[in-house]
Structure formats: C-alpha cells, structure tokens
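K.L.:
Below are the chains, spelled out letter by letter.
There are 2 protein chains.
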Amino acid sequence: MMRHAGLALIPLPFQGEVRPGDDLVEKLRLALRQQKLTLREGDIVVIKHKIVSKAEGQLVELSRVRPSRAARAWANKCGGDPRLIELALAESRRVVRKKMLDKRRGVLITETHHGLICANSGVDLSNVDGGRRAALLPADPDGSARRLRRAIKKNSGVSVGIVISDSFGRPWREGLTEVAIGVAGIAPLDDFRGKRDSHGYLLRASAEAVADELACAAGLVCGKLKRTPVCIVRGYRAGAAQGTAQELLRRAQDDLFR
Amino acid sequence: MMRHAGLALIPLPFQGEVRPGDDLVEKLRLALRQQKLTLREGDIVVIKHKIVSKAEGQLVELSRVRPSRAARAWANKCGGDPRLIELALAESRRVVRKKMLDKRRGVLITETHHGLICANSGVDLSNVDGGRRAALLPADPDGSARRLRRAIKKNSGVSVGIVISDSFGRPWREGLTEVAIGVAGIAPLDDFRGKRDSHGYLLRASAEAVADELACAAGLVCGKLKRTPVCIVRGYRAGAAQGTAQELLRRAQDDLFR
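If you're matching them up, the sequences are chains A and B in order. Everything in the first sequence is counted per numbering that gives the first Met the number 0, starting at 0 for the first residue and increasing by one. Everything in the second sequence is counted per numbering that gives the first Met the number 0, starting at 0 for the first residue and increasing by one.
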C-alpha cells in the first residue's frame, strides 16, 4: 500500500504590527524569509482576517463613534460598549437575535452586509491596539482573497489557495471555531453528492465545507496570543478549482434558524 | 526567531471492514504497522465515529425496524425512509426542528440522548454496508474515547489524546464540518478568557473549541470515500489536560436557537 503523504500545518509568525496601507504580500514574504520557507505550488495560505482588515484600513477610532439611542439602550442592558454595538448594527443587514441570556449577559447575532451570520457583525477590539480602535471585517473578503492570490502569483510565480478566516460562535456548541469568510483558488465545498461509498451506497447529503475545515486546521497553530496570523497548509490537493466564500452561505429559504 | 514546528496531519487508512466485536486498538496497530508508523507521546488520534459504532455493534438491521405512524408520516412527506426516521426519533431526546424546506425536501433536527444536536440523531447509512444496516452514534462516545485511550496506553505505553468525530451540518452555512462527539486526554476548549493579547487588551469571550478544530483538521485527510477512518495529529501541544465532549454542549439556558 502506498504511504499517504498527509498534510503539514506550518505557522507563520509576523514580526511587528500590520498597519493601514501595508502591503500584506510583502509582509508575508518577510515572514517566510524569517522562517526560511518558500511557498509551493498548491499551498493554501490561511490568513486571519484581522491583518487583512488592518492592512485595508478597516479600523474605526471608537472615540469618533456616536452611538444611536438603540445602541445605547442595548449596551446599557447587556453591559457592552455602546460604540461597539453601534458599529455592529451599522455593519449589519439584519439582526438575527438580540436577547439577554440572564440579567447581565446579552447576545447580539447579526447578518452582516456580506451575508455572514455572527456575533456583533464581527466587529472586534482584540488584537488591534488595546481597545482604542475596533476592527471591522474586510469590506469584500472574497475580493481581498483574490487580490492576495494574484499578488502572490505575480511576486513568486506560485499559485496558492487563499482562505481568510475569522472565529465565529455557533448555536448549540460551546467555543468558537474558525470559518472561511473569504476564499480564492480553492473550491470551498467538497461535494460527495451522487458519489458512491466503498459499499456502493449512494451519498445524498454529503458536501464537506473544506474551506471552513482549512480555517479550523489553521486555528490550531495560529491561536489568539501568538502573533501568528498566517498558517500554510501544505499537501492538500486543491486542484484547479475556483470558488468563493459566498458559496458557504446558506440561502435564507434553505435555513431553519433565522 | 525560533522556527515553529507546526503540525502534521497523518492519514491512517484501514484495510478491510470493521465489524461488531472487533478490537479497534488492534486494528489501529495493524494500520500503523502497514504505514511504518508508531504512535508518539502527545499524538492526537482522531477517529471517525463510524468505525467506533461498528466495533461496538451500534448497527441496526433496517428490515427489523417497525416505523411508528409519526415516522411514516414524516418519511412520506419528505421522501425519506420511514425506518431511518423511526431510528432517528428513537435515538432522540427531543425534536429541535422538523420542517419542509420546499415540497420535496424536509429536515429533521434532533437532540440526541447525549445532548448532541444534529440531523436525524446522527443515524446514517453511508459507509456501512450499502443500505442494509444503519449505524447509530456510539452509546457513550466519551466513554469510548476513554477506553481507547487506556487500551492504547496499555498496548504501546504511549499517552495519546482521542477525538471521536462525526460530520454535522450547521445553521446558516452550507456543507458539513467535523465535530468532536467524544474526547479523552485533551481539553476540548482552549480558554483565553481573562488573558491579554499582545496589545494588553483583555479577552472576554474567547474560548476556542479545539477538539472540533482537531476533528475538522482530520476531516481534510480522511474524507468520505477514502477508507481512511483515522488521522493522527502530531505536534499539537495537548498538555496533560483532561476533558470530555460534553463540555462542548451549550446549556439550554445559554442557547438562542433551540
């Protein structure tokens, strides 16, 4: 039997801060050199969205935010920062759930402009600058992924897959897991429907969200306290497939939990 | 700067079928030998639940199932197999959603006896024997994980972490991802709450469901058509932490989507 190659998850720490206007591909090149690594054809580069948001200037000075009455009321109730709630509402297309869990804790689940469903529209203070500015999600994460892929190809001649990730909570289960909010150069879903298993059984409902699984795998080496915003996944057969993270969003009419 | 080691995801294909009463640790030993691999201290062995269910005899001959009137009615409506629906209901503690998406497609989301929330209580015909028998989830996946961990320790002297995984759908997003339904020898949640990021910002809501991320990482190399029910995750700092997959289940009072 042939020896299976397996995958490698290679963490890529960054030195210094990513700032608005920074060239992420140049930062990536420096980080790779530091680790004596080069990208290979077919590598998948998983990037925490926070550095994409920072490079694209998706940062908002909290002191400049004027919270609406609705944002103030909700913040007051759940003990949150009204300016953060204001940003979360401004970044949303729709509130999915806004509910107190008990007398002190509340949750605001929104659908963002992109169609992502998550807490507070993904607006977040962590790993920015200690609480002065909030990071929004990238305006068009699939577009960001495509641009990064093109720039890496131009720079190094290598075709890679890109996954831009964020940590989302989910119903029913504790803890955050990483999800793909932007994708380029890979198919986000591996569709088994219509194929037969080794017993001849026809698979009916099996599409695997591999872009989310790639994001989760990277989450194991990136973490929140390690200054490691990038993970290279090596050995995954990406093929020449193309796709976007939009394909991972369930249409409202197929969803039972809106 | 120190070179980061990263993780390896090593697929472990099995030859032949797993049958009720089989010794999974012996099967694992053979599969490792075939690949010229040995387990190392701290390895995490991610195991698709299906082979655990099979070894434990959690298989039901469909021809012996007598569907209730409720199961027949629902199956008739959504075009499913009434015997499968009967098993899904029997394995459930509660129906979370039972709804037609359109005139032909219906979804039955249940809470299982274990407290897992998933489609059809995890009852499944794929990768069993072509549709004659259905596989139920293991009766006590955390117990199964603990027993496997102990047996591996006894057999090889090595302490490993165990994750037993299944593929679940989720609200809002397309595609299945792997989740940890049984865990031993690792902490399923990596809790950042109360820690500070590199900018001094206090993290408030950040616990990462690493057991689910380990399951997802393994999903990238296992797949549904590859006869590869096991993946070894090497290089993950598991520590001496202990935990169960029950810790991943959100309490009803903290959940907005029941």
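To be clear, the hints were calculated from the coordinates, so they are not data collected in a lab. Some hints here could point you the wrong way.
Claimed, not checked - Here are some of the chain B residues that sit facing chain A, going by a computed Cβ distance under 7 Å:
hint: 1; residue: A7
hint: 2; residue: V17
hint: 3; residue: L58
hint: 4; residue: V59
hint: 5; residue: S125
hint: 6; residue: G199
hint: 7; residue: E207
hint: 8; residue: T243
Just so you know, these numbers come straight off a predicted model, no measurement behind them. We put the CB at the ideal spot given by N, CA and C, even for glycine.
K.L.:
Hints numbered earlier in the text: which of these fail when held up against the supplied structure?
P.N.:
Failing hints, ascending: 2, 3, 4 and 8.
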